[in-house]
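Listed below are the residues making up each chain.
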Amino acid sequence: MIRHQPRLRALLSAGITLLLIMGLIASQWLLGDTPQQMQFDARLAPPSLAHWFGTDALGRELWARTLAGLSISFWVGCLAALLSTLIALSLAALAALSRRLDALVSLLIDTLLSVPHLILLMLIAFALGGGTQAVIIAVAATHWPSLARVLRAELLHLRQAPYVRISRALGKSRWFVLHSHLLPHLLPHCLIGALLLFPHAILHEAALTFLGFGLSPSQPAVGVLLAEAMRYLTGGYWWLGVFPGLGLLIMVLCFARLGSNLRRAL
Amino acid sequence: MLTIEQLSLRLPHYGTGYAAWWKRSWATCLDNLSLHFLTGEVHALVGASGAGKSLLAYAIMGLLPASARLNGQLCYQGQLLDKRSQKTLRGRELALIPQSLNALDPLVRTQRQVAWAAERAGQSSGSARQSARQALDHYRLDTRAQQAYAHELSGGMARRVLTAMAHVSQAQLVIADEPTVGLDPHQRQRVLAALRDLADQGKTVILITHDLRHALPIADRVTIMRSGKLIETAPAHAFQGTGRSLTNAYSQALWLALPDNAFTLPKPCAASIADKAAGIKAQQEISVA
Amino acid sequence: MALDVRLINFITQELAQGIAKRLARLTLVLLCVALVSFGLMMASPIDPIDAYLGPQMAQVSPEQRELIAQRWGFDAPPVVQFSHWLRQLLSGDLGWSHVYNQPVSEVIGQRFQRSIALLGGAWLLSALLGFSLGVVAGAKEGSTLDKIISTYAYITASTPAFWLAILAVLLFSVFLGWTPTCCAGPTGILSQQVSLAQRLHHLVLPIATLALLGIANITLHTRHRMLEFMRSEVATHAFAQGASRLDVAWRHGIRHACLPAMTLAFASLGELFGGSILIEQVFAYPGLGQATVAAGLRSDIPLLLGIALFTALFVSIGNLMADSLYGVIDPRIKLGDL
Numbered sequence: 001m002i003r004h005q006p007r008l009r010a011l012l013s014a015g016i017t018l019l020l021i022m023g024l025i026a027s028q029w030l031l032g033d034t035p036q037q038m039q040f041d042a043r044l045a046p047p048s049l050a051h052w053f054g055t056d057a058l059g060r061e062l063w064a065r066t067l068a069g070l071s072i073s074f075w076v077g078c079l080a081a082l083l084s085t086l087i088a089l090s091l092a093a094l095a096a097l098s099r100r101l102d103a104l105v106s107l108l109i110d111t112l113l114s115v116p117h118l119i120l121l122m123l124i125a126f127a128l129g130g131g132t133q134a135v136i137i138a139v140a141a142t143h144w145p146s147l148a149r150v151l152r153a154e155l156l157h158l159r160q161a162p163y164v165r166i167s168r169a170l171g172k173s174r175w176f177v178l179h180s181h182l183l184p185h186l187l188p189h190c191l192i193g194a195l196l197l198f199p200h201a202i203l204h205e206a207a208l209t210f211l212g213f214g215l216s217p218s219q220p221a222v223g224v225l226l227a228e229a230m231r232y233l234t235g236g237y238w239w240l241g242v243f244p245g246l247g248l249l250i251m252v253l254c255f256a257r258l259g260s261n262l263r264r265a266l
Numbered sequence: 001m002l003t004i005e006q007l008s009l010r011l012p013h014y015g016t017g018y019a020a021w022w023k024r025s026w027a028t029c030l031d032n033l034s035l036h037f038l039t040g041e042v043h044a045l046v047g048a049s050g051a052g053k054s055l056l057a058y059a060i061m062g063l064l065p066a067s068a069r070l071n072g073q074l075c076y077q078g079q080l081l082d083k084r085s086q087k088t089l090r091g092r093e094l095a096l097i098p099q100s101l102n103a104l105d106p107l108v109r110t111q112r113q114v115a116w117a118a119e120r121a122g123q124s125s126g127s128a129r130q131s132a133r134q135a136l137d138h139y140r141l142d143t144r145a146q147q148a149y150a151h152e153l154s155g156g157m158a159r160r161v162l163t164a165m166a167h168v169s170q171a172q173l174v175i176a177d178e179p180t181v182g183l184d185p186h187q188r189q190r191v192l193a194a195l196r197d198l199a200d201q202g203k204t205v206i207l208i209t210h211d212l213r214h215a216l217p218i219a220d221r222v223t224i225m226r227s228g229k230l231i232e233t234a235p236a237h238a239f240q241g242t243g244r245s246l247t248n249a250y251s252q253a254l255w256l257a258l259p260d261n262a263f264t265l266p267k268p269c270a271a272s273i274a275d276k277a278a279g280i281k282a283q284q285e286i287s288v289a
Numbered sequence: 001m002a003l004d005v006r007l008i009n010f011i012t013q014e015l016a017q018g019i020a021k022r023l024a025r026l027t028l029v030l031l032c033v034a035l036v037s038f039g040l041m042m043a044s045p046i047d048p049i050d051a052y053l054g055p056q057m058a059q060v061s062p063e064q065r066e067l068i069a070q071r072w073g074f075d076a077p078p079v080v081q082f083s084h085w086l087r088q089l090l091s092g093d094l095g096w097s098h099v100y101n102q103p104v105s106e107v108i109g110q111r112f113q114r115s116i117a118l119l120g121g122a123w124l125l126s127a128l129l130g131f132s133l134g135v136v137a138g139a140k141e142g143s144t145l146d147k148i149i150s151t152y153a154y155i156t157a158s159t160p161a162f163w164l165a166i167l168a169v170l171l172f173s174v175f176l177g178w179t180p181t182c183c184a185g186p187t188g189i190l191s192q193q194v195s196l197a198q199r200l201h202h203l204v205l206p207i208a209t210l211a212l213l214g215i216a217n218i219t220l221h222t223r224h225r226m227l228e229f230m231r232s233e234v235a236t237h238a239f240a241q242g243a244s245r246l247d248v249a250w251r252h253g254i255r256h257a258c259l260p261a262m263t264l265a266f267a268s269l270g271e272l273f274g275g276s277i278l279i280e281q282v283f284a285y286p287g288l289g290q291a292t293v294a295a296g297l298r299s300d301i302p303l304l305l306g307i308a309l310f311t312a313l314f315v316s317i318g319n320l321m322a323d324s325l326y327g328v329i330d331p332r333i334k335l336g337d338l
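Residue numbers (UniProt numbering), protein chains in the order written: chain A, 1 to 266; chain B, 1 to 289; chain C, 1 to 338.
Isolated chain A (complex conformation) (with noise of 0.2 Å):
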C-alpha cells in the first residue's frame, strides 16, 4: 500500500529519524560520566545482561561508549553537513554572479573532486592539525562541490528561466525576484543536499578518525572504538568490533532513506 505512496513514506521516515535524534539527545543527558567509568573486575567481558554490549579492555560498557560515540557522530556531521551546505550555496550564488567568477568556482570544484575524498580530508586535517574542530571542517570543506555544482546548475538555468527575465523586465527588485522565483527552486534542492550530505560526513569522519587523523583518542568516537577494537581482533573479542559500527550503520541508514525518500516525494 505504502508502495505508491511516496509523501506518506517520506514522512514515516522522518518520524523515525526524529525519534532517533531524539533519543540520541535524551540518552546525553542520563549517560553523564557512565562511557568513561572503568570496571576492573569487568575487563573484556563479553555482552550479557549485566553488560549488554560487553566491556572493553578498560572494563568500560560499550553501549554507553557506543551511544556516546553516535551524539558526538551526530554533532559532528550536523555541523559539517550544515557548513558545506552554506559553502555550496554561497559559492553557487557567487558563480551566478559573473562569468569570471563562475569560471573561478568550477575550477575550484573541478579541482576538490579530483582528489579523492579521504586523501584531501587527511590534507586538510594535517594542515589544521587534528582535533574536533579540525574535523568538522575538513569535512565541510570537501563535501560541497557535489552540492555546489548541482545549485550551480540551477542557478544558471534559473537565471536564464523566461518568468525571471520577465520578472525582472516588469521592474520587480532584484530582493523580488530572489524571493518570490530562486529560493523556492533552491530551498528544496539545498534541504536534501544537506540531507544526503548528512550521511557521508559522518561516515567520512568516522573513517578519518579511524586512521588517527580525526577526533582525539580520549573522545569515545565510533572511530576511536574502531580502531580500539582493531587490536583485540585476533583475540576474538569480536563485540568490541560489531556493536560501534552496527550502531554508525543503522544512524547513517535512516538519515540516508530519510534523504531519498524526501527526495522522491518532493
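Just so you know, these hints were derived from the structure itself, not from any lab.
Computed list of lysine-lysine pairs in BS3-like fashion (alpha-carbon distance at most 27 Å, straight line):
(1) K147(C) - K83(B)
(2) K83(B) - K140(C)
(3) K83(B) - K229(B)
The structure presented is a predicted model; accordingly, all values stated were derived computationally and were not measured.
Take the given structure of chain A and dock chains B and C to it, following the hints.
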C-alpha cells in the same frame, strides 16, 4: 469484436495543501463507458485533449500503471479480458501504434526493432527478419532507412516504422493513437490510407484523433468523447450538412466548428475578439516604438 | 561519397579538438591540485624540520637545524618553495620520502603495483556484479528479488568501509580461519618469493570487501535507470508488442542502463581509492593506501604531496573516461551533435 461495458477508470493524484502529505485522492478519468467495435471497421475516437482517448487505448491493451483502478468489463471475441489474457493477446491479437515517436528505441536499428516486434508476435527469428524487411518495404522505407537509428529518421518515416511494427504482428485489432500528428497533408493521407487498408483486410482499426477532419474520410463510425464520458457514436455519414442527424449538441458543435462548414461566430463574440486583436496590435506598436 | 569524407574529417577534427580541450583542462586541474595541497602543507602547524628529523629531534643543535633548513629550502618564502617544488616535479623528481627512505616516485610505483591488483579486481567485480544486480532488480519493481537486492544495496551503501572489513576479518580470518589476517604474503618470506597462489589467498578478502561496497552504488544507480526505463514510452511500446518483462529488460533495458553504469564506474574511482585506504589499513595490506596513512601520521610531506597528485591524476583520468564514453558509444551523440 470488442465490447466495452460500463468501463470506469480512476487514477490516484495528490491534491494541494498539507493533507496531500498523507491523503491521496482519485481522479475519474473514464466514466462508465459502453462501446462496441465491429470487425473490419475503422472506428474513430474523437475528442479534445484530455478526453481519455489514450487511456481507453491503454485500458484495452492492459498497459495502465499499477496504481490505476479499473471497473467494468472488456470482452474480446466473446472472451473476457483480464490482465493475463491481455498479456497473451498483446502483440498477437491486439496492437498499438503509439502516439509518441519516442516509442522507437533510440539505440536499436529500425529493421531490428521491427523484427523484434515480429518475433514477439510468435515468428521465428529468421522469418521475423524477413517479414520485417517486407513490411518496411511495403511502407516504402529504403535500405538506408531500415539500417538507421530512430533519430536519423524524419517524423513521417518514424510514423511509418511504427505502423510497420503493428503490421508485422498480424494483429486483428489495431489501435492507432494520434497517427497524424506532425505530418504534412501528403504523409497524413498515406498513413490514413494504410489504416484503411488494414480494415479492408478484415481487421478492426481504432483511430484515435482530436481532429474530426482526419477521421471522417476513412472512418466507418465515429465516437465522440468528452472529459472521460462517451457523448455519441454515429456513422461517419451522419457528419454532413448542418449535422442534424447527430443527437448530441456537443458533437454537432464539434462538426460545425470545422472551418469548412462556413462556421460563423455569434456577433458579441466576434466583437470581443476584434477588440482584443486591436488591443494586441496597439501594444505591439508601443513596444516597437 | 564526398560528403562522407568531409563528414569523417569533420568528426575527427571535432574529436581532436575535444581531446585537446579536455587535456588542457586536466593539466589546469592538476596544477590547482598541486597548489591547493602545497598550500595545505605550508599551513600545517607541524614543523617540517622536526618531521624530517623524526626521533632525532632532540639531538640536533639550533645551528644544525638552520643548516638543514637551508639545505632543503625550508627557510625560503612559500612562493619560492612552491616554484622550486614545481620545477622539480616537472623534471620528474617528486622528492625524498623519509618514512621509507626512498625516492617518492619509487615508493608510489612499488606500492601502486600492489594496490592495482586490489583496486582493479574490486573495480571489475563491483562493476559487473553491480550492473547485473541492478538490471535484475530494476526489471520488476517490487518483486521479491528487487526487494532483496535493493535492501542489500541500501544497507551496504550506508556501511562504513572499515567496519565491513573488520567484520570480514572477524568472520573469515579469526573464526573460520579461511584467510590470513594480514599483509600481502606470509610473514617472514621475502616479497619476491611469494607465490601467486599465496598472493591471491591474501588478496581475496580485501578484494571481496572492497567490491561488496562498490557494488551498492552501481546497483542502486542501474536499478534507478532501469525503473525509469521500464516506465518509458519505449518500454510501454515493447510491452504493447507482447514482450515479457525479461524480454524488455534484456533487449532494450540493458542498452539503456549500460552507459550510465559505465560512466558511474569510471567516475567512482576516487571513492574506490578512498575505500582501499581504509581496507588496506584493516588488512595491513602494504599498498598505496597504507603508505598514505603512514605518510600522514608521520608527516612525510613529499610523499603525501606525491600521493595526492598521483591519485588526482588517477581520478581525473577516470572522470575523463566517463565524460568521453558517451561520445564513443551513444549513436545519438556521434551524429546528433553535428
